[in-house]
Amino acid sequence: MASIKLKGDTSGELTIQAPAVAGTNTLDLPASSGTLLTTTGDGSQLTGLPNSYAGTKNRIINGNMRIDQRNAGASVTPANGGYTLDRWQTYINPLGKYTVQQDAGAVTPPVGFTNYLGATSTSSYSITSGDYFSITHNIEGYNIADLAWGTADAKTVTISFWVRSSLTGTFGGALRNSVANRSYPFSYTISVANTWEQKTITIPGDTTGTWVTDNGKGVALLFGLGVGSTRSGTAGSWAAANYISSTGATSVVGTSGATLYITGVQLEVGDTATDFENLQYGQQLAMCQRYFEIMGSSGSTSNGYAVCAVISSTLTRGNLWFKTEKRATPTITVAGTWYSLPQSITASASFFPSNTYNTGIGQTWSGLTVGQASYLYDGGSGTSRVLISAEL
Amino acid sequence: MYKLLNNLINTSPSTTVLRISDGAFIPFDPANTDYQEYLEWVAEGNQPEEAE
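Quick note, the sequences are listed as chains R and V, same order. Position 63, counted from 1, in the first sequence is what the working numbering calls 64; the numbers after and before it change by one each time, with no gaps. Position 3, counted from 1, in the second sequence is what the working numbering calls 543; the numbers after and before it change by one each time, with no gaps.
Hints should not be assumed to be uniformly reliable.
Claimed, not checked - Pair ranges (Cβ atoms, derived):
(1) S76/R <-> I560/V: 25 to 35 Å
(2) S230/R <-> G563/V: 37 to 47 Å
(3) S554/V <-> T208/R: 36 to 46 Å
It is worth saying that the hints were derived from the structure and are not from the lab. Every residue, glycine too, gets a C-beta built ideally from N, C-alpha and C.
The task is simple: from the sequences and hints, build the whole structure.
What follows is the structure in structure tokens.
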């Protein structure tokens with residue numbers, strides 16, 4: 002039987018047609034009652050699809066590792082808690098055992114991707130019980146509030162990612178709450194060295210514990226690069242503990258030159274991994290800039306940043322407006338040399354007070370005339386930066 | 541180490557502290573992770589340098 006036809010009471014009919022290819026397809030209906038799918042108009046508009054198939058299904062920002070504002074593709078030896086590619090943090094103890102670089106090793110990414118995060122071990126380090134090395138993504142609480150974790154209605158999530166390593170074996174990671182007293186270690190296997198493999202891990206929502214649902218840290222997704230026994234737990238269940246990885250996972254930092262490359266990281270609601278959600282570059286950059294942005298150009302062209310008012314004979318004041326409103330009032334750090342006109346001095350500016358959408362700039366001079374203006378610029382050195390961070 | 545800052549425009553208390561190691565201006569926002577670290581540092585019994 003190639004098709005089934007359901008006749009209407011008066012006219013019209015519905016045909017369920019089997020594909021003309023070998024293999025079995027199943028139309029699986031749930032046991033509960035209700036409308037499964039609704040069409041309107043010509044049938045092109047569908048409602049009733051689960052959230053996993055709608056926009057912004059991926060709770061990971063920069064999961065395809067395209068944005069690297071801080072380092073622009075350069076290799077870094079990260080600090081504990083330091084950020085590498087945008088939104089990707091490191092937890093390290095002790096320091097200096099691996100580097101992180103966008104597209105490290107210049108291998109071809111998986112089909113559909115242009116970039117990856119590459120971690121490379123710099124020594125053959127034997128981890129001790131209290132050591133931990135990880136690549137971590139912190140999801141803001143607002144973006145996981147619908148998961149209802151910490152309640153009886155906690156939703157299942159599925160993590161999917163592409164991974165490639167010079168090592169084979171069982172590797173580990175974990176999900177963890179903000180205060181690090183609830184965690185779910187998971188494991189995955191890399192079967193072939195130096196080959197991209199896609200992994201999928203489904204995790205039931207945590208029905209207990211405290212999960213932040215505001216602009217704080219909601220959920221941390223951690224990939225272990227070598228984690229001692231203190232921070233390693235049994236894979237596949239929630240624990241009231243601060244676990245970073247699964248017991249027995251391979252230590253990348255244990256082999257000098259060993260690599261672990263990751264891209265296409267997605268965390269979505271449901272028990273099925275769907276295709277990676279590709280956003281337009283501008284969307285993705287703006288999402289990253291909620292947490293961190295740089296003002297300043299890596300090129301040699303001089304860039305202006307602010308016009309300030311002279312408010313006394315020794316003081317100018319102005320504002321620097323952020324490209325994207327920040328998660329919280331950000332920390333402002335200045336790098337490189339800045340200049341100001343009309344007195345053409347090397348500027349030493351103060352960047353406060355700030356709020357989530359701008360920061361004040363104050364400069365101390367001499368011999369100014371109230372009512373005049375000054376102009377703050379970077380001199381085209383290519384190294385002058387204002388770093389604006391509201392990271393989790 | 542940290543240093544308190546004077547408000548440049550008026551005499552109201554400053555809402556920013558300077559982290560001396562890298563010159564970072566850290567706002568008094570409880571959601572700012574650098575400010576959270578500063579509060580932990582103070583809770584350990586440390587005191588920032590006074591504003592000039």
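For each hint, the structure was consulted:
Distance hint check: the CB atoms of S76/R and I560/V are about 28 Å apart, consistent with the given range 25 to 35 Å. Hint check: S230/R to G563/V, Cβ distance near 39 Å, so the stated range 37 to 47 Å holds. Roughly 45 Å separates the CB atoms of S554/V and T208/R, a value that falls within the hinted 36 to 46 Å.
Taken one by one, the earlier hints all hold for this structure without exception.
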